[in-house]
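Enquirer: Chains A and B supply the protein sequences, listed in that same order.
For what it's worth, our numbering labels the leading residue of the first sequence as 144, then goes sequentially.
For what it's worth, our numbering labels the leading residue of the second sequence as 5, then goes sequentially.
It is worth saying that the hints were derived from the structure and are not from the lab.
Note that this is a predicted model, so its numbers are computed, not measured.
Fair warning: there could be bad hints in the mix.
Calculated pairs, DMTMM-like style, for lysine to aspartate or glutamate (alpha carbon to alpha carbon, straight line, at most 25 Å) [claimed, not checked]:
#1 A:Lys335 - B:Glu144
#2 B:Lys124 - A:Asp348
#3 A:Lys383 - A:Asp286
#4 B:Lys36 - A:Asp356
#5 A:Lys335 - B:Asp121
#6 A:Lys470 - B:Asp19
#7 B:Lys124 - A:Glu358
#8 B:Lys124 - B:Glu143
#9 B:Lys176 - B:Asp166
#10 A:Lys335 - B:Asp154
#11 B:Lys124 - B:Asp32
#12 A:Lys335 - B:Glu162
#13 B:Lys266 - B:Glu77
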Amino acid sequence: MDILNALVAFLNFVFIPAAAYGAQLALGALGVTLIYGILRFSNFAHGDTMAFGTAATILATWGLQGLGITAGPLPTALLALPVGIAVTAAVVLGTDRIVYRFYRARRAAPIILVMASVGVMFVMNGLTRMLPGIGVNEIRFADGARFVIEVRSFREWSGLTEGLALKTTQALTLVVAVLVVWALFRFLNRTKSGKAMRAYSDNEDLALLSGIDPERVVRLTWIIAAALMTIAGTLYGLDKSFKAFNYFQILLPIFAAAIVGGLGNPLGAIAGGFVVAFSEVAVTYPWVKVAGYLFPGWQPDGLLQLLSTEYKFAVSFVILIIVLLFKPTGLFSGKSV
Amino acid sequence: MSDADQPFGNRGNRDASIVNPRPGGSIDGTRKSGPTGAAGSGTPFLIGENMTGGYGRGPDILHDCTIAVEQGEIAVIVGPNGAGKSTAMKAVFGMLDLRKGRVCLNGQDITALNPQDRVKAGMGFVPQVNNIFPSMTVEENLEMGAFIRDDDIRQTMEQVYDLFPAVAEKRKQAAGELSGGQRQQVAVGRALMTRPSVLMLDEPTAGVSPIVMDELFDRIIAIARGGLPVLMVEQNAQQAMNIADKAYVLVQGANAHTGTGKELMANDEVRRTFLGG
Chain A
144 MDILNALVAF LNFVFIPAAA YGAQLALGAL GVTLIYGILR FSNFAHGDTM
194 AFGTAATILA TWGLQGLGIT AGPLPTALLA LPVGIAVTAA VVLGTDRIVY
244 RFYRARRAAP IILVMASVGV MFVMNGLTRM LPGIGVNEIR FADGARFVIE
294 VRSFREWSGL TEGLALKTTQ ALTLVVAVLV VWALFRFLNR TKSGKAMRAY
344 SDNEDLALLS GIDPERVVRL TWIIAAALMT IAGTLYGLDK SFKAFNYFQI
394 LLPIFAAAIV GGLGNPLGAI AGGFVVAFSE VAVTYPWVKV AGYLFPGWQP
444 DGLLQLLSTE YKFAVSFVIL IIVLLFKPTG LFSGKSV
Chain B
5 MSDADQPFGN RGNRDASIVN PRPGGSIDGT RKSGPTGAAG SGTPFLIGEN
55 MTGGYGRGPD ILHDCTIAVE QGEIAVIVGP NGAGKSTAMK AVFGMLDLRK
105 GRVCLNGQDI TALNPQDRVK AGMGFVPQVN NIFPSMTVEE NLEMGAFIRD
155 DDIRQTMEQV YDLFPAVAEK RKQAAGELSG GQRQQVAVGR ALMTRPSVLM
205 LDEPTAGVSP IVMDELFDRI IAIARGGLPV LMVEQNAQQA MNIADKAYVL
255 VQGANAHTGT GKELMANDEV RRTFLGG
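Looking at chain B on its own, in the form it has when it is part of the complex (with noise of 0.2 Å):
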């Protein structure tokens, strides 16, 4: 029900003193899931296949895309604005109808999960805004993430805080108050609270300075390094190949190349058309 088209338009949904301005949620918490399968033998650890889909009832964004990540490996997802990157990580993490293709995470087929589900079933995302409880301290941010844990939480939180020994000074601050950087930070420890199998992050260092995310992508490493699969999407192409040991250039949402960081670097065509000559 969109506000345009109706005969009052938005009347009276801009007076706060009646009307909270804050945004509703945009996902449907009401979608139950369906039933999960074995993956079969062979099907990487985490993978969304040939998949065919966009939102709602719009027309398909994403054509035919494979993405997959390996145990212990970096995989990124790049391409020129508007490819359906973000869409694309979306489609894995259940936020869209897939009309094609089937998302499989740790040998189980968990096409038919819905977002909620799917954080149970061991996947870690970090949305690209709005990934943060902005009134609520950065512990209190760290303990929302670990909402469906019920056992002992503190030695997760001292990993988190490891990692990230800036925001481990402001835990007591509301996260809102924080630098884009810090904030980011948060978000991805939040997502770490609940010990994920899988880390998707969607464009981490999007309006953060150069410095912060050179800081970030180490950070990223690190936490690839210590043995978590870490799925993201990148605007700056060059550094994220850098690192990726798998990536996914998408073009207007199929894949139009796959390789290692390094072979697509090399590759005349990525090169000329997403990396600046």
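Bound conformation, chain A alone (with noise of 0.2 Å):
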């Protein structure tokens, strides 16, 4: 039995990528948490907006790459993000202001909301098609050091005959969303306008009489769904590669991440992420290799693998539906389901 080179192995092909894969739906699943606590309804266009603020990221990379500017060793993007940022939340507070603020004005039922949604995703997923150099293509803007821990580099150091590779995306995910999700609760608990914001949550009537001004409150919710839109998305390029239609398949397991965490609760949206993505590779990852390590004298027919990759969406699915059926409030109290 090798359980070094097991637990390698594991590391390698199921813990580091899932982390990185959770951290990046983590950062979904708070932006679908924080709209639907505070505008009432879940936002479908989120996977499109995220594709949008990834589009936007990458034409500013490439324009900086343009000018000549990298940030060294880390991908150029992180640079561009504030870029990516700022034209995100303008489109979005455009949205609001054409789409969604008419329906609040007439106080529509939540559900309209929700089919208003609908339509954004669909005009912000041709908007993202219809940038230069966008369109449908598959493409990978990560650029810079490729790994911080290399395989042989590692396989040397070690002696193991298992090696293990640590992407600089893979790192720089987890290190972003680490720094994002510690601002954010900083700001909620601590700042006025993140109280406010909470107030606002609780109490629409009470919170307008104390004088917190709706419409502000509205405005700084989307501005901060943009960022974590545009971060999450960018992230996930980074790490994967970029396509507009993988955004909008992404929108699954985000939801399921903010449903199991629990709707409306922001920590459950963080462990939510993480259950889903650790779910979705360990059930389609397939095992036969660390099984190998552990259990030498044991052949198995076959990969060890509960289902092949392309079912890895049924995860989600299969996830949702065994909270709602025995957690409906989420597994951090949030909104009953």
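Dock chain one against chain two, each of which comes alone in its own frame, and use the hints as you go.
Expert: Structure, rendered in structure tokens:
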């Protein structure tokens, strides 16, 4: 039995990819849960707005690269993020101005806002594809150093047969996610504007009577959500590659993460992101290699893969159903579903 | 836009996985305030004068109703169910459109102000229900009460804690976890944080036990003795009149009897109809 090699294989193929993916889902789910808590609807345009934000960041990255500016070992996209966030925030605020505000002023039932967001989703999808150089292409825009830990140098250093790789984008995802979550919680719990947002999500009328401007809270929510969407989308694109359609598909695991954690609860969104990501990777990973190290005498017939990777989105569905059946408020009691 | 008369009814709105079941706001925050004017000499400190009106385009609920409070007084509005007590208070606070009449505060005619600006003008209002931020701590509730203030609020907060020692002990606890009576104290404390010039309470003792009710009345008397005029709507007519400097009995949205609490208690008709003999 070779526990060390099994552990390294597990870290390399399951833990690290799932942690990075989980952090990306968590950032996406945070945005969904924030909009749900304050604007009272699930934003179906979330995935495609993430795509738009990423596309804007890619364009800014190309611009910076054209000027000869890079971030050294880190991806240039990191420098382009503020531009991407600003553009996305402007577009999202514009969307609110011409679509959502109309329904808000009429006190429309929230389901109408949900349906409106489906429309926004299609428009955002088309808008992203019309951006110059973006289209429906698969774009790799990660530059700088590719690895923090390389397979070969790890093998030489440890003397194990299994190698361990940690991509720069994976390490970056985790660091950025931690920083963003820390900043968001600090903002919500310590600053006057953050507390005003929480007050508004608790009791709109009383917030209004306390002198909190509802439209300002709504604007602030959209700006924060736009930042979260752009950061999550860019990190996802750096880690894998950018393809607009993938961002439409990622909507399901993001919703699953937000609901599993408990809608309206930011802490739950983070936990939900990791639960969904780890389940997805664990179920679609062929465990035969790890099993080979743990049980050297055992020769399994198959790859010990529960589901082929094409079915990974089914995992989100199953988790969603299990949570809704047994704990409808999510793991961190959010709104009852 | 009500849901019932739409082709698909309320379908979809009960699915909490896509729609937040929390009720939205009912106050129109987009209504802009009009100008204020001088009230003229001799007007009481706070008065809703000859108020006639109802909610939206609905029928009139108030008919020529007048409610006034002088400095340092406690005024109570009592009356049978559906008499328009809460409506009268909401009218004073600007939450419904008046077709006739005016509202004056501290020598200013504030009829054209929206509720938010009335808070800034010095009204402290405690709604009957949903009057706290349940997921926020007691301290954060008070901070939100003082949202419009830019100066140091710590002194006001200490005064509120002195007034309500029971909630001072729980300042780091979520307000939604407190008992009914303590929630009401938080709600009153939140309204006091703006340092209002008049405090308006909509049935502060609704749904609390008799002991807690006595305690709340004591606190309200203490607030009024401190010089802050109090206008309140009360179900418990007898106790309310006991502490009232002025009492208004409303029937069907109109003033039926007005006088000091003691006068009305002595009035046979009032006793028979509202106080149970």
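Enquirer: Does each hint hold? Answer for all of them.
Expert: Against the structure, the hints come out as follows:
1. A:Lys335 - B:Glu144: holds (10 Å)
2. B:Lys124 - A:Asp348: Roughly 16 Å separates the two Cα atoms, so the pair holds.
3. A:Lys383 - A:Asp286: With Cα atoms ~13 Å apart, Lys383 (chain A) and Asp286 (chain A) stay inside 25 Å; holds.
4. B:Lys36 - A:Asp356: Holds: Lys36 (chain B) and Asp356 (chain A) sit about 12 Å apart, inside 25 Å.
5. A:Lys335 - B:Asp121: Given pair Lys335 (chain A), Asp121 (chain B) holds - Cα atoms ~20 Å apart, limit 25 Å.
6. A:Lys470 - B:Asp19: The given pair, whose Cα atoms are some 15 Å apart, holds under the 25 Å limit.
7. B:Lys124 - A:Glu358: Holds: Lys124 (chain B) and Glu358 (chain A) sit about 18 Å apart, inside 25 Å.
8. B:Lys124 - B:Glu143: Holds. Lys124 (chain B) to Glu143 (chain B) sits at ~21 Å (cutoff 25 Å).
9. B:Lys176 - B:Asp166: Satisfied, since the Cα-Cα distance of roughly 16 Å is no more than 25 Å.
10. A:Lys335 - B:Asp154: Holds, at about 11 Å.
11. B:Lys124 - B:Asp32: Status holds; Cα separation ~17 Å.
12. A:Lys335 - B:Glu162: Holds, because 19 Å separates the two Cα atoms, which is no more than 25 Å.
13. B:Lys266 - B:Glu77: holds (14 Å)
Checked against the numbered hints above, the structure breaks none of them.
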